[in-house]
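> Sequence:
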Amino acid sequence: MSGDAETLPISFYDVMIAEASVVSRRRELIAARRAADKKGGKRPPNAPSVAASRAARVHVVTSGTADERGDPYPRIEAERDLTGLACSGGGVRSAAFCMGVLQALESITEEDQPKVFDNVDYLSTVSGGGYIGTSLVAGLMQTDGVFPFTSTLGGPESLETQHIRHYSNYLAPNGFIDVIVGLVVLLRGLLVNAMIFLAALVTLAWLTILINPTEASLRLPIFEKLTRNSQSVFFWSIVLVTAFGLIQIGYSIFAFLPSKRPDRMTTLVERETTSRVFAFVFIVCLLIAFFEFQAYVLAGLFDAANPPKDCKAINWVGCALIHMPNSLSGLWSVLVGMSAGLAAFGNKLIAVVVASKGDNSWTGIARHLASKVLLYCLSVVVPIFLWVVYLSLSYAGISGGDAAAVTGNARENYAIVAGLLIVFSLLVTPNANSLHGYYRDRLSRAFLWRLDKLRDGAKSELVEKKRVLAPLKRWLKDRKARKRETDVDQFKLTSLKPGSPGNWADSIWFSPYLIINTTVNLEGSPYLGRRGRSADAFFLSPLYTGSQATGYVATDSVEQADRNLNIGTAMAISGAAASANMGANTIRALTFSLAALNVRLGYWLPNPRFVGDRSGLRRWLAHVAPWYFAKEALGKVDELTSNVYLTDGGHFDNLGLYELLKRRCKVIVVADAEADPTLDFNSLIRVERYARIDLGILIDLPWAELRRSNAQATEEKLNDSPTDEEPFHGPHVAIGRIDYGEDEHGVLIYIKSCMSGDESDMIRDYRRRYPQFPHQTTLDQFFNEEQFEVYRALGFHATRNFFIGKDRFAGLKSCPMQDWPSIVRRALAQLNVPQDAVEKIVQRQQDTMI
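Residue numbers (UniProt numbering): 1 to 850.
No lab work stands behind these hints: they were computed from the structure.
Keep in mind the model is a prediction, meaning the values are calculated, not measured.
Heads up, some of the hints might be wrong.
[Stated by the list, open to error] Computed beta-carbon distance windows for the label pairs:
{"id": "1", "residue 1": "H166", "residue 2": "R276", "range": "21 to 31 Å"}
{"id": "2", "residue 1": "A279", "residue 2": "R588", "range": "16 to 26 Å"}
{"id": "3", "residue 1": "T150", "residue 2": "V184", "range": "32 to 42 Å"}
Using N, Cα and C, we set each Cβ at its ideal position, and we do this for glycine too.
Throw the hints in and build the complete structure from the sequences for me.
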């Protein structure tokens, strides 16, 4: 592929052709490695046999459907169907649960037998699932394809598992000092935001002083200004509103006069254009009235500072301020306090609004309405705060008398300050004020470890941590070595593609192809469909990066455009849950306030659509923070700028299922650990809707039985130990059908974080003490050892008991396909599930359909 071709957006069909070659090659090498192991050969793969190559090959052909550009969606032809594993979002809760799922999948086969992961072609991850999914791939890179999180009862946990458990409180693993570091990063972002806002506010204040240099100019009588000065309070507003009203009356009279001539009939486009012009003029009238209102308020401030005896001689703003207790002395404290509260608890309040939306009880409705009203009230706090700052700056610069020299100095000083602030703001890059960097580093420390460091540094690190200055001394000592050493989080996404430059290019052949799901925010998209969703699915992978909205481009081209893009950055973007723009979860009333308060973990990434055309003005704008900050704060982010704004993949699809459906995987395993206390399966239903509309794919999954079983896991049942006399336990799993159309079907194995009463004593005891388990809020990212372990153990329990045939599951009671049990058997066999377990599962599916 040429350099120019790599920078041009391509269709998803072309993406699949490239991925199919990698998947096919991996299958061939795994088959060769198995053959070498049976013969007692070396661990690295030998050349695959002709039979293995034929069986492993994946072909991509066109299907009967096409995307919005007319490009065909792919159809897969292979002797062994594509398989995918999806790890859902949910923060560290999902990371722990999905670790248990991964460990269980690895444990269901004997050591000398083919493993489940050998036949998993794709690993699709979101948010917390991305923490552990990326960690798994990083581990496979360092262990020559050996599973890093092996869980056995006959010995201690692996170093990798111990490390992640130790860092389950990943945001502040070292306690107070990490809290202070986070606070410093937050304050730095707020300082950058303040500089950008002050640049605009000081500029507006300078313009206000320029127009109204003295107090007297704020209150000239209207008729006097008609002859002396056209900059009257409300003068232009009155003129424009009058003119607008006369135009509307004239249009109403002449536009609707009856006419018998067809050539005089207006077209739909003409009528729409005329209406938009009138709307634009009306908005201009409102803006002018708003700006002129500032002079009215400023005059009231001067009146309040020197109150006359007769309140009737001043405007109502001054009168109100005169009679207000303590005047404005406490206003700053109130606004600052409310802004701080919004920054600290805004996300929790949003979570309450979302969680109580489906609760139809009186308490649920009351909680939803109260939290929503509070949200809308808080949404005006930051705008009011900024308005008060502007008024204060203007008031300070306007002379109370007619001293022209004083006013002139104020104008000059304001102009200089505004100019400096604007220059410094233009030097700031779009991601400079984000909390992304801090979040990425904390995640990388917890989940992207170096195995050699874990083996060699455990004892020395334990000793050094007892010394206060040990980290600094170690950094100074190893400074030169650090320049030669690359941390795992710094590895490029393209290093996960075999044959690319990187220390572990050969070992990565044994890892499933990693898809890191994010969301591209499109609140300001010119396309109504995207604007209605406010987002589109955006993925980062070793070969290609992009979305349907932006097109897809070679990942190495994006890495060249953004040197900070690596696997640590990609993992953090996928989990960027807190933001002003959050795709389908965006609270529009709070967009401006959350952006101003720097509540953002999102990331501005070079737009795949323009990654090969970043020259001239477009290249300059790509690095101008105020431009992107304004689009973010005003909810105008879209797919037509040099950079696109990416946030948590859960803001579009919190399961990681959508991208596997696009790739038409015939066997999909989903680990769902999202916060879903009422088991409404909202994320699943949302993906079902997207798949039906976008891809023409139908999903039939009998999840209702999981909800009933979870509801029956009462406190009384949890207090009773499960007996061995029960024939089977569960369910935690549902098996459903994927209808791709054109007589093409797939199997969906859906593992849900839920209770059934057959869990271990440790899990049931935790549930008795914490009734919200296993759906404790995602806002809690400070897990302790017990909390991490119960979620991991639940994921292991739910997954292993199903795949060894012990648990019952929710299966289809009816299916248009008569051979559905046989299709389930084939799917399980493709996952290398042991034959005896396959027969038990298939028999239960047959019994369910009788």
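> Range first: 16 to 26 Å. Now tell me if the beta carbons of A279 and R588 are that far apart.
The hint (16 to 26 Å, Cβ to Cβ) holds, given that A279 and R588 are roughly 20 Å apart.
> For T150 and V184, compare the CB-CB distance with the range 32 to 42 Å and indicate the outcome.
Holds, since T150 and V184 (Cβ atoms, about 39 Å apart) stay within the stated range.
> Has the hinted range 21 to 31 Å been met by the Cβ atoms of H166 and R276?
This hint is violated: roughly 60 Å between Cβ atoms.
The structure fails hint 1 only (numbered hints given earlier).
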